[in-house]
Amino acid sequence: MNAPFYKFAAFGDEASLVIAFVIGIGFGFFLERSGFGSARKLTSQFYLDDLAVFKVMFTAIVTAMLGVFYLSWLGIMDLSLVDLVSTSLWPQIVGGLVLGFGFVIGGYCPGTSLVAAVTGRIDGMVFVLGVLAGIFVFGEAFPLLRGFYESGDFGRLTLPQAFHLPYGLVVFLVVVMAVGGFMGAGWVERRFAPPAAER
Amino acid sequence: MPRPHWTLNRALAAAALLLGVVAIAGSPYRGSTVRIDTQELATIVDSKVDHITVQELADWIIQGRTDYRLIDLRSEVEYAAYHVPTAENVPVAQLPGYGLGRNEKIVLYSEGGIHSAQAWFLLRAQRYPGAYILFGGLEAWKGEVLYPVAPAAATPQEDATFERIAQVARFFGGGPRAAAVAADSGALMAMPATPGAGFEPPRAPAAGGPARPGAKKKRKEGC
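Residue numbers (our numbering), protein chains in the order written: chain A, 910 to 1108; chain B, 128 to 350.
The reader is advised that the hints may include incorrect statements.
[Stated by the list, open to error] Cross-link-like lysine to aspartate or glutamate pairs, in silico, DMTMM-like; alpha carbons within 25 Å at most:
no. : chain 1 : residue 1 : chain 2 : residue 2
1   : B       : K269      : B       : E167
2   : B       : K175      : A       : D958
3   : B       : K175      : A       : E941
4   : B       : K175      : B       : D186
5   : B       : K269      : B       : E203
6   : B       : K269      : B       : D177
Keep in mind the hints are simulated off the structure, nothing from the lab.
Throw the hints in and build the complete structure from the sequences for me.
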């Protein structure tokens, strides 16, 4: 059987919802177990004394990338069938900045705020309400924002296409970036870690 | 020979690096060489899962669905004279280089069914799993959606069903025919005006509009 299973009609809409539910529970569980239900843990990243968020996320990226790449190379998966969000450069830069500011100020990103909320943290619940309010305001203001929202659309652009590099080389470079990043993160943590008495 | 500080983290990092180095030699895409699994294609043809009926397509257009590409395989002249709303004109000869996505649901139609069937094979052979044929082509669209034939001696229930069909027909600029007229000839079935390039069906049909017939059925086709 070939992947992606949904595109090859191995299961229908209803089954896909069940699978999404199970994967979602797994995702939330591992976020919580990584300590990401705590705003203190998450914001430690910005004080440079605990870069666990960076390490966990980059590990997930590299694991998924290698998995998808090798499954496709072995012919088990058809990468051309995987949906890609199209690249809209400027709106995505602005959106990233908005999310980043929200992360620094509120202490959560959307996914981790849900984890925090269901583990009973009040700041997490307030954050979720804020996210919903933001979604509502954005939805209502969409006619005004539409021009910008749809600007700079590059279509479904991937790094190998953008930089005219062989796919495998990009995979290698991302792995090198990740391993280099982990080593750098270890050094930064030792450099900025508060003395034991302060913790 | 594991050294003393050969921790799990380092082992994983080394494994990732090794996989990264090997990856330089590879590509996830299988290139332009294609192996056609004729048995698989034959099975699909036999089981008729590659068909979209004109009623299903009419529902999608009325619902304003955007998760499919409707491809009109006829000539530009024929396309200009009339085409199904939301269709793009791609004569068969231009199909291989047209830039359809492999992850898209592609519905093909021609006048009857021959060109769309040939184009379907073309796309399936290039590993487009989401290619479908509009069953019966434009002729079926004309005869079943635009100008449906009213049942001759209908029960009240059949009448109610047909009223929905007639509403769909009017939505697309056609209208129902009486059975006697239909048997006579198709000469009365003039095509409605060509929908403009920016045809956008209303999101929710007006009160008198079609009542989303078959909304449950189409879930199977979701993409």
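- List in ascending order the numbers of the hints, as given earlier, that are violated by the structure. 1, 2, 3
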